[in-house]
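Undergrad: Sequence:
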Amino acid sequence: MNGNAILLFPLLFPVIAGIVIGFQKQEKQRNLLVFATLVIELGAVLYLSMGEYTFTLWQMTDRLALAYHTDGLAKLFACMICIIWLLAGIYAFEYMKHEQKPARFFMFYTMSLGALMSLCFSANMMTLYLSYEYMTLLTLPLVIHTGTPEAVRAGMKYLGYSVFGAGLGLMGFFFLNSYCDTTTFMPGGTLNLELLAGNENVLLAVYFLMMIGFGCKAGMFPLHAWLPTAHPVAPSPASAVLSGIITKGGVIAIIRVTYYLVGPDFIRGTWVQNTLLTLAIITVFMGSMLAYKEKLLKRRLAYSTVSQVSYVLFGLFLLHPLGFLGALMQVVFHAVAKNILFLGAGAIIYKTGKTFVYELKGLGKEMPIVMWTFAIASLSLIGIPPTAGFVSKWYLAQGGLQPDFGTLGLVGVAVLMVSALLTAGYLLPIVSAAFFPGKDFDYGSLKKKEPNYLMTVPLILLALAAVAFGAFPQCLTDWITNISGVIF
Numbered sequence: 029m030n031g032n033a034i035l036l037f038p039l040l041f042p043v044i045a046g047i048v049i050g051f052q053k054q055e056k057q058r059n060l061l062v063f064a065t066l067v068i069e070l071g072a073v074l075y076l077s078m079g080e081y082t083f084t085l086w087q088m089t090d091r092l093a094l095a096y097h098t099d100g101l102a103k104l105f106a107c108m109i110c111i112i113w114l115l116a117g118i119y120a121f122e123y124m125k126h127e128q129k130p131a132r133f134f135m136f137y138t139m140s141l142g143a144l145m146s147l148c149f150s151a152n153m154m155t156l157y158l159s160y161e162y163m164t165l166l167t168l169p170l171v172i173h174t175g176t177p178e179a180v181r182a183g184m185k186y187l188g189y190s191v192f193g194a195g196l197g198l199m200g201f202f203f204l205n206s207y208c209d210t211t212t213f214m215p216g217g218t219l220n221l222e223l224l225a226g227n228e229n230v231l232l233a234v235y236f237l238m239m240i241g242f243g244c245k246a247g248m249f250p251l252h253a254w255l256p257t258a259h260p261v262a263p264s265p266a267s268a269v270l271s272g273i274i275t276k277g278g279v280i281a282i283i284r285v286t287y288y289l290v291g292p293d294f295i296r297g298t299w300v301q302n303t304l305l306t307l308a309i310i311t312v313f314m315g316s317m318l319a320y321k322e323k324l325l326k327r328r329l330a331y332s333t334v335s336q337v338s339y340v341l342f343g344l345f346l347l348h349p350l351g352f353l354g355a356l357m358q359v360v361f362h363a364v365a366k367n368i369l370f371l372g373a374g375a376i377i378y379k380t381g382k383t384f385v386y387e388l389k390g391l392g393k394e395m396p397i398v399m400w401t402f403a404i405a406s407l408s409l410i411g412i413p414p415t416a417g418f419v420s421k422w423y424l425a426q427g428g429l430q431p432d433f434g435t436l437g438l439v440g441v442a443v444l445m446v447s448a449l450l451t452a453g454y455l456l457p458i459v460s461a462a463f464f465p466g467k468d469f470d471y472g473s474l475k476k477k478e479p480n481y482l483m484t485v486p487l488i489l490l491a492l493a494a495v496a497f498g499a500f501p502q503c504l505t506d507w508i509t510n511i512s513g514v515i516f
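Adding 28 to a residue's 1-based position in the sequence shown gives its number in my numbering.
What the hints contain is simulated information worked out from the structure, not anything from laboratory work.
Bear in mind the structure is a predicted one, so any value in this text is a computation, not a measurement.
Don't be surprised by glycine CBs; every beta carbon is placed ideally from N, CA and C.
Any given hint could turn out to be false.
Claimed, not checked - Derived Cβ-Cβ restraints for the label pairs, each shown as a range:
| id | residue 1 | residue 2 | range |
| --- | --- | --- | --- |
| 1 | 434 | 460 | 37 to 47 angstroms |
| 2 | 88 | 382 | 50 to 60 angstroms |
| 3 | 71 | 435 | 46 to 56 angstroms |
| 4 | 514 | 298 | 20 to 30 angstroms |
| 5 | 460 | 380 | 48 to 58 angstroms |
| 6 | 67 | 495 | 20 to 30 angstroms |
| 7 | 228 | 502 | 15 to 25 angstroms |
| 8 | 466 | 297 | 16 to 26 angstroms |
| 9 | 67 | 222 | 49 to 59 angstroms |
Produce the entire structure from the sequences given, and follow the hints as far as they go.
TA: So this is what it looks like as structure tokens:
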């Protein structure tokens, strides 16, 4: 092994540590071990982000290998995932006290981080596909953790949809292996147009099916139905990372296939681009409408994820630098905001047992920190300045308004605006009722129910990030611009 073998550390360390954690029965020792693992993992990723590393673990043939690489896109996703995984893990130390089998939860929670790092740092299509399936299998126990019939059904639905979607991706891999010079990811794509001659329409159809397949994990219509079923039944720390992070696994796969294998030039202007943009627009509107009508808090947030992640897909399928910039900013900002909302919902359930939206009146008086962070995250999802969500939605709108997209771009931007109004309609009434329950409300029944620092500190840090990214987005903008500059 050479010096680049250090790239294996963030992939293997969480898996090995997770197995050890699973056998640790003492709560304090287990929490300390989980915390140390997540901190070390974050440190390792930050270290790798300062350089360029490439490592081939296993060479099956001259075109098939397990290989990893640290490019700008991998570093962005890996840093974001590790930071949020750490904060949600700290929160889980308190939350999991009221759940059964916490050792098993933390085992799979920690191991899942290794799968996500493998996905981020994948250097070719074979590694990405295996990491994608690996991620699904390790996150499945988080969905079914409570063991209730509802959770088991939701887990099987999650597994079925995910495996079917990945199967479409695998089918596409066979075709790409025949028509690409290499399936190693290269900015701009590796498609060989001479080899492809005469089969362009076939590959467009195959690419379309791949996007449907990988779009499943991102909650894109028509394979979105698993998400509002699976996320609400999982423990809230798991719901937070499933919604804010695991959905981005599909986004990573879509970016790699679109921008690093097939290439945006081949897709631009075709029926596939128009169809995928249409599906993303439909999902944005549909998710917002379903969230608006939903009364169960965690399911409302899950439907919101269906809508908000499709903002990302809309930006990516524009195949334009502004759309790409807005999409990746939305990836980060949605992860921050949605983790706040799900962790906030978990804190409410943990301290009060309330699960429905209509039960949350007066909570702003009982749990002010939780509800203030919930309010900030809501403003960010809506896109109100100076929160981070405004910045990403601004660039997405700018991309959609480019003359290349005509009526479809205008419709897309209009739907984004309507979705923002619907987002305000299903989140702001919760905040309003929490702080202003009305004259008829029995204020004498209110008691302080704020959770301890293990829950509130992660919420505060994420809320500060939602504001800081909105007020000072330049650092992230420059990072993403450097990534897109290589692609376009």
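Undergrad: Take the hints in turn and mark each one as holding or not.
TA: Structure-based check of each hint:
{"no.": "1", "hint": "434 - 460: 37 to 47 angstroms", "result": "39 angstroms, holds"}
{"no.": "2", "hint": "88 - 382: 50 to 60 angstroms", "result": "53 angstroms, holds"}
{"no.": "3", "hint": "71 - 435: 46 to 56 angstroms", "result": "49 angstroms, holds"}
{"no.": "4", "hint": "514 - 298: 20 to 30 angstroms", "result": "23 angstroms, holds"}
{"no.": "5", "hint": "460 - 380: 48 to 58 angstroms", "result": "18 angstroms, violated"}
{"no.": "6", "hint": "67 - 495: 20 to 30 angstroms", "result": "24 angstroms, holds"}
{"no.": "7", "hint": "228 - 502: 15 to 25 angstroms", "result": "40 angstroms, violated"}
{"no.": "8", "hint": "466 - 297: 16 to 26 angstroms", "result": "54 angstroms, violated"}
{"no.": "9", "hint": "67 - 222: 49 to 59 angstroms", "result": "50 angstroms, holds"}
In summary, the structure is inconsistent with hints 5, 7 and 8 from the numbered list given earlier, while agreeing with the others.
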